[in-house]
Amino acid sequence: KAATDAGAAAARNVGEVKAVHVIPRPHTDVEKILPKGISQ
1 KAATDAGAAA ARNVGEVKAV HVIPRPHTDV EKILPKGISQ
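Taking UniProt numbering, the leading residue of the sequence shown gets 1, the next gets one more, and so forth.
In case anyone wonders, no lab produced these hints; they're calculated from the structure.
Treat each hint with caution, since some may be false.
[To be verified] Computed beta-carbon distance windows for the label pairs: (1) Ile33 with Ala3: 29 to 35 Å; (2) Asp29 with Ala9: 15 to 21 Å; (3) Glu31 with Lys1: 16 to 22 Å; (4) Asp5 with Arg25: 15 to 21 Å; (5) Lys32 with Arg12: 14 to 20 Å; (6) Ala8 with Val30: 25 to 31 Å.
Glycine included, C-beta positions come from ideal geometry on N, C-alpha and C.
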């Protein structure tokens, strides 16, 4: 929760925050559908 609060506060400095949501116990397959980071 602290991380999402900090992220939302930082995002408000740049623009508009539409929503902040914490998934307490995400399903193990969530990693498969989220975008991957850019590798160099």
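Hint check results:
About 20 Å separates the C-beta atoms of Ile33 and Ala3, a value inconsistent with the hinted range of 29 to 35 Å. At about 30 Å, the beta-carbon gap between Asp29 and Ala9 misses the expected band of 15 to 21 Å. For the pair Glu31 and Lys1, the beta carbons lie near 21 Å from each other, so the given range of 16 to 22 Å is met. The given range of 15 to 21 Å is respected by Asp5 and Arg25, whose C-beta atoms sit roughly 19 Å from each other.
Look at Lys32 against Arg12: about 31 Å separates their beta carbons, and that is not inside 14 to 20 Å. A hinted range of 25 to 31 Å is violated for the C-beta pair Ala8 and Val30, which are about 20 Å apart.
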